[in-house]
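**Q** Chains as they are written, first to last, in full-length UniProt numbering: chain A, 1 to 69; chain B, 1 to 714.
Honestly, the hints are just simulated from the structure, not real lab data.
Using N, Cα and C, we set each Cβ at its ideal position, and we do this for glycine too.
Fair warning: there could be bad hints in the mix.
[As the list claims (entries may be wrong)] With a straight-line cut-off of 27 Å between C-alpha atoms, the simulated BS3-like cross-links for lysine-lysine are:
hint	chain 1	residue 1	chain 2	residue 2
1	A	Lys-59	B	Lys-544
2	B	Lys-319	B	Lys-455
3	B	Lys-200	B	Lys-134
4	B	Lys-274	B	Lys-190
5	A	Lys-59	B	Lys-319
6	B	Lys-505	A	Lys-59
7	A	Lys-59	B	Lys-390
8	B	Lys-122	B	Lys-134
9	B	Lys-497	A	Lys-59
[Said to hold, decoys possible] Chain A residues, not near chain B, derived (Cβ > 12 Å throughout):
hint	residue
10	Leu-12
11	Gly-15
12	Leu-23
13	Tyr-54
[Unchecked claim] Just a sample of chain B residues kept apart from chain A, beta carbon distances all over 12 Å, derived:
hint	residue
14	Val-10
15	Val-85
16	Trp-99
17	Lys-105
18	Ser-260
19	Met-272
20	Ser-309
21	Ser-365
22	Asp-380
23	Leu-437
24	Gly-571
25	Gly-592
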Amino acid sequence: MGFLVTTLIFLLSGGVASLLSLLCCNRGPSTNLFHLTLVITATVCCWMMWAIVYLAQLKPLINPILSGE
Amino acid sequence: MGVFDRLPPVDHLRSEKMCFVQLIMPAESARLAVTYLGELGLLQFKDLNEDKSPFQRIFVNQVKRCTEMSRKLRFFSDQINKAGVNSSVRPVLQPDIDWEELEAKLGEHEHDLLEMNTNSEKLLQTYNELLEFKLVLSKAGGILASSHDPVAPADRELDEHIYNKEVDDGIAYLLEEGVHLGATKNSGVKFVSGIILKSKALAFERMLFRATRGNMFFNHAPAGEPVTDPISGEEVEKTVFVVFFSGDQAKSKILKICDSFGATCYPVPEEMVKQRHIFHEVSLRLSDLEVTLNAGIQHRNKALESVGSQLWRWTIMVKKEKAVYDTLNMLNFDVTKKCLVGEGWCPIFAISQIKDVLQCATLRSNSQAGIIFHEMDPIDSPPTYFRTDKFTNAFQEIVDAYGIARYEEVNPAVYSVITFPFLFAVMFGDWGHGICLLLGAFVLILREKKLSSQKLGSFMEMAFGGRYVILLMALFSIYCGLIYNEFFSVPFHIFGKSAYECREKACSDAHTAGLIKVRDPYPFGVDPSWRGSRSELPFLNSLKMKMSILMGVSQMNLGIVLSYFDAKFHGNALDIRYQFMPQMIFLNSLFGYLSLLILIKWCTGSQADLYHVMIYMFLDPAGDLGENQLFWGQKELQVSNLLNNKNNMLHYLLCLLANNYSPFPLSDTPVAYGHCSCSMDALPKAFYLEETSQGEVPRAHLSLPWDVRNGSRF
Numbered sequence: 001m002g003f004l005v006t007t008l009i010f011l012l013s014g015g016v017a018s019l020l021s022l023l024c025c026n027r028g029p030s031t032n033l034f035h036l037t038l039v040i041t042a043t044v045c046c047w048m049m050w051a052i053v054y055l056a057q058l059k060p061l062i063n064p065i066l067s068g069e
Numbered sequence: 001m002g003v004f005d006r007l008p009p010v011d012h013l014r015s016e017k018m019c020f021v022q023l024i025m026p027a028e029s030a031r032l033a034v035t036y037l038g039e040l041g042l043l044q045f046k047d048l049n050e051d052k053s054p055f056q057r058i059f060v061n062q063v064k065r066c067t068e069m070s071r072k073l074r075f076f077s078d079q080i081n082k083a084g085v086n087s088s089v090r091p092v093l094q095p096d097i098d099w100e101e102l103e104a105k106l107g108e109h110e111h112d113l114l115e116m117n118t119n120s121e122k123l124l125q126t127y128n129e130l131l132e133f134k135l136v137l138s139k140a141g142g143i144l145a146s147s148h149d150p151v152a153p154a155d156r157e158l159d160e161h162i163y164n165k166e167v168d169d170g171i172a173y174l175l176e177e178g179v180h181l182g183a184t185k186n187s188g189v190k191f192v193s194g195i196i197l198k199s200k201a202l203a204f205e206r207m208l209f210r211a212t213r214g215n216m217f218f219n220h221a222p223a224g225e226p227v228t229d230p231i232s233g234e235e236v237e238k239t240v241f242v243v244f245f246s247g248d249q250a251k252s253k254i255l256k257i258c259d260s261f262g263a264t265c266y267p268v269p270e271e272m273v274k275q276r277h278i279f280h281e282v283s284l285r286l287s288d289l290e291v292t293l294n295a296g297i298q299h300r301n302k303a304l305e306s307v308g309s310q311l312w313r314w315t316i317m318v319k320k321e322k323a324v325y326d327t328l329n330m331l332n333f334d335v336t337k338k339c340l341v342g343e344g345w346c347p348i349f350a351i352s353q354i355k356d357v358l359q360c361a362t363l364r365s366n367s368q369a370g371i372i373f374h375e376m377d378p379i380d381s382p383p384t385y386f387r388t389d390k391f392t393n394a395f396q397e398i399v400d401a402y403g404i405a406r407y408e409e410v411n412p413a414v415y416s417v418i419t420f421p422f423l424f425a426v427m428f429g430d431w432g433h434g435i436c437l438l439l440g441a442f443v444l445i446l447r448e449k450k451l452s453s454q455k456l457g458s459f460m461e462m463a464f465g466g467r468y469v470i471l472l473m474a475l476f477s478i479y480c481g482l483i484y485n486e487f488f489s490v491p492f493h494i495f496g497k498s499a500y501e502c503r504e505k506a507c508s509d510a511h512t513a514g515l516i517k518v519r520d521p522y523p524f525g526v527d528p529s530w531r532g533s534r535s536e537l538p539f540l541n542s543l544k545m546k547m548s549i550l551m552g553v554s555q556m557n558l559g560i561v562l563s564y565f566d567a568k569f570h571g572n573a574l575d576i577r578y579q580f581m582p583q584m585i586f587l588n589s590l591f592g593y594l595s596l597l598i599l600i601k602w603c604t605g606s607q608a609d610l611y612h613v614m615i616y617m618f619l620d621p622a623g624d625l626g627e628n629q630l631f632w633g634q635k636e637l638q639v640s641n642l643l644n645n646k647n648n649m650l651h652y653l654l655c656l657l658a659n660n661y662s663p664f665p666l667s668d669t670p671v672a673y674g675h676c677s678c679s680m681d682a683l684p685k686a687f688y689l690e691e692t693s694q695g696e697v698p699r700a701h702l703s704l705p706w707d708v709r710n711g712s713r714f
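Bound-form chain B, shown alone (with noise of 0.2 Å):
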């Protein structure tokens, strides 16, 4: 075991030595030196101000600022988006913009778009309603001219009118009545005329009945077409109606009615002449407001694209000071008002750039004082920090998906990057397909550069960001392909002739007592007279089965001495004696008896019964194996088994009453053996600047781990 003291220590295994800094800073140089450092990405600040409520910290007013201008941000998305302006994003080429005149700038840009926004909404009502006038005028002068004359319908010029039975019915009954509709000046009888809801028609008809008593008459035609209704915008079925009532008292109840009815009533002129006169002079009013409303809509987009080429940008920059500003908050003021102190934790290896950028940000805002930057003594655990490369960061995720390592604790990330693959490769197993994974592989990182800095989509963002991940689990997967024999489910001869031929020439049996084997075995992987075959299923499983007993005992094998070596490097004799001996003795006896079991009856090829011998281990320790005798020795070994575990089992228990020593630190989850023995649950992960609550595994929340170059996340 000496040897591997002398060793030196491997990269990722344990966690970065970290160390316990203050900093205090003069208030001026403050905000540029947490940007600095957020940009960084390497310290991570201690909240001093835990106990205060949002709105009692120090940069209250900065944040809502910056919560206002993120609000304005999103609002400008949205138009863009309901406008459907495509915006490209330009590269840097815009100088850099400062705080205030970002602040400035979004405010203007609000006003602007709000209040072209709100004379469109007009314009278009105007224009809606214009519609509908001249949709009133077109039928509704139709039902007045057919009533003028009705022997003369080609004195009738408008377009689209509908000339149908019930005007004629309707007609007739008038002219039989005695109404001469051509001097209704003299008459009294009068109309109104307007355009309602379709669905609302009917209800309508029958209250106005009611209404007058029946003293009215009501003529409607349907518009044709949808119409956009003014008020709510949307396309709706209208009918046009006219309204023919004698009377004063009629006339305003009927308008009532209109109005509740939600009908809009349009005044149409009598004479013919008069009509067309206003028909004309509304299409040119329509024609008119369509240009204008066309300008209106092109100002909003050009207004919206030079917004949108820039929002990507902006919306960064915001999030950075919001970012800024709640860092700033966790920062406390001393007691002459003029300094911020800050707690935090930062890797010993990054000291020296720490300090470097300190530096920076003291000569960039002129501040007399420089900021002084200092260890102290820790009071708590330190938090985990990796220095994850490209590669490993994607491994390092998976493994902290299930907990988050204790500071100087083993690193099964390690050991992940190639077990996790594998494993998948094992459940994946074709080459074909590994083939195609492979390319798709190759393809994300030979064009690494290029989609770093683009904006992917959610899924496209997950695979990209495991593209290595992806490449070693294609070439394991060609790997276990070639050993499960499949090429997109095909089997091939590569590795030579097959093992299996017919008993005979003829192969007369060959579908009933099947092929025997005559040779060695294939020398690598699978038969390929197995696919196909009717007995297939019962080997693969079989085969299969032992194998997952095999590489689980091996790898829950792998946890336990990992832990062994943590306890040694922690000094921690007690978990080696207590915990790590155990463990080996109760996983070896049970599952490593197993593995033993299986071993060697695949070598001597006997008959015997594995489940039966493992249960009747425990049920009948003493009895007699018979044809489940394996090896010599087997039941001897079976009941030394036995009476080893249950003394195991009571040592450690007993240890752990005498001891109240917990297997588990209270605070902490070991990783170690959680990641290769046993699941353990998510452990919640952030990115930003929050710190994790007390009783949680402290994790290095660096910074804005973002790639401000080019205002991507990596």
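Just chain A, with the same shape it has in the complex (with noise of 0.2 Å):
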């Protein structure tokens, strides 16, 4: 469920990235295209790593000894 939500979240925020990317920087058609590119790629790359230290907890095999004495 929260992993949905967090994915969704990371989909809108690429969204709102390329849009502002598309406003703000509007260098001709293939120069868009590239920064589309590039907001594309670091999006799928910043959700890679969460979607992958979320999993990984979902359901662990081993859980935190506290360590000292």
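Assemble the dimeric complex from its two separately framed chains, guided by the hints.
**A** Structure, rendered in structure tokens:
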């Protein structure tokens, strides 16, 4: 549940970032596509990183044992 | 797939379109034209005189002159460094200087400097000799004085003489012998005084003793302070000596021995009055010499300063001229011997700029005929050129270090702009340090204009060149630091409560059995409870290893998919069928399958051993999986994977053999796969007007890529 919600949030922020890049730095179709590529790659990388760390903690096989003593 | 065809071409994805051009320049405007083309930096000349040695080329004399001038400039900078003169690089206020003028000026300066150097050397030698003479006077005078009247020490006025027991004993011995030193003129006892290196003094004495059969008396006194040797110029320890002897033969022998040992003899008069007189004279001369020497050094330093302020500009000028003549050497004279013919590559968008520049050159040189510039049909494949701006330049350089893309091949730099800093951040992963890096990057970027015109040290130059790389690295590091939950290695509870809590209120078994998971997983990043726990490393190691596998496999897949689009662009169906498909199947049936297993294990929380699963997939495919079963139908999937893979590889290799088709074109190395899937050797990359040799991937080494206006390299 939390996974899907956060994935949607990533998707939305990626979309917002692409729109921003199109609005702010509008410099011709090929450059726009280049900026779009960068934004999408960044979003995908960030999402993947978050998703991996989240999924690894869903059903863990070990638990934290405090140190000391 | 049709949608991809209708999209506009992505910037930087493929090389700019290049065209092969020929230039015909009349001889008088050739040099100016090449200079302007160099400043434009958009034309790569082909070397038409490859088979000629450097001495057979046309403009060899000019190149020699340039090297001579750069040698003089190096000499100046050496001298400036040695003299420790700090010259400030004044901004370009001086008028532009002509080439011939510069040559003459450099010759003049060098001549002056050499003269000044020899003069000051001579003066310094004289100065040091006089210093030694003064020392000898004072010490020897002391020795002689003590020998004159041993009972009246008060008469000895000369400073810093050493009156030691040796002298006493020696004098007593002489007196016993009956030699009356008060009347040396009559008794025939003469003496020689001088100065010698302390290390040689003992051997010197022994030699003298042997040569004169003991008929001499050797007296010495250390100089007390290190003296600068006039010949070698170093500071050494010396000893002043006085040798008493009788007879002329002994004198010549002694003088010869002095010579061979490198001892310098200075004449010291006997009478104290004369000694004082000469001492006074020597002191006067010394002070005179000091004044002269200082004046000489001042004069030289002033000259060096005036040279030093212009040195950087002159160096740039000489470098540019040499580059221009090297380029001119690549051209050929045509049949009439009046024009120079050159061939080269230029990007299509630059044609109008080049034409303008050539027009300028024709006007400036007042030549009758214009320069002819027309396109030709190329023979070999064009070089690759990417029009990079200050942001993408650094990333393109990093990618080029692995290998330069073929003409119109997919450029991995487009994706590397993000993935390179991202992977750095995955390794760096600390948002506290990320903030520091971000501040550093901001400093570099905000002072861009100021720093680009300065001459920076080698480390700062590297850091400045990669400022946008560092900026992206910092931003991604902050993100990854938040995910790893590390702020200077301290975890925070930014995103809510930790998912782990003690089993009971007392937390008695927190150190033995550990905490249990009571809530949903921590919403963003690694749970802060892990830090400092004993089982932190097993958890984090497993997480990070699996993360690396997942990210690596996805990046390799990206590379192979790029190769598909590349093959489609070039219309290369063979590549798609016999390279893309086998690569996809091979990668995904093995490592894609492993990634799938990892994801399933995480989602289901199974205790299956993935190492075991992967290894026994090969060793015992038909065997029972038992507790390592992750999903229904796993065994069947594994078997089919293996068979697929085997068939696939057989197919791939057979097609290679049948079509005599090598996976990589023999002359070039495809970079799209190289950068994303495996490492390749870095091809060397030149910045100046050099051509690549046959067999390497040609890269557009466009002429003189430096910002000429402020004389620095960007």
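**Q** Now tell me, hint by hint, if it's right for this structure.
**A** Taking the hints in turn, this is what the structure says about them:
no., hint, in the structure
1, A:Lys-59 to B:Lys-544, "holds, 16 Å"
2, B:Lys-319 to B:Lys-455, "holds, 16 Å"
3, B:Lys-200 to B:Lys-134, "holds, 21 Å"
4, B:Lys-274 to B:Lys-190, "holds, 17 Å"
5, A:Lys-59 to B:Lys-319, "violated, 66 Å"
6, B:Lys-505 to A:Lys-59, "holds, 24 Å"
7, A:Lys-59 to B:Lys-390, "violated, 46 Å"
8, B:Lys-122 to B:Lys-134, "holds, 18 Å"
9, B:Lys-497 to A:Lys-59, "holds, 18 Å"
10, Leu-12, "holds, 16 Å"
11, Gly-15, "holds, 17 Å"
12, Leu-23, "holds, 18 Å"
13, Tyr-54, "violated, 6 Å"
14, Val-10, "violated, 5 Å"
15, Val-85, "holds, 49 Å"
16, Trp-99, "holds, 42 Å"
17, Lys-105, "holds, 48 Å"
18, Ser-260, "holds, 80 Å"
19, Met-272, "holds, 90 Å"
20, Ser-309, "holds, 42 Å"
21, Ser-365, "holds, 38 Å"
22, Asp-380, "holds, 28 Å"
23, Leu-437, "holds, 17 Å"
24, Gly-571, "holds, 21 Å"
25, Gly-592, "holds, 15 Å"
Violated hints for the displayed structure, listed by number in ascending order: 5, 7, 13 and 14.
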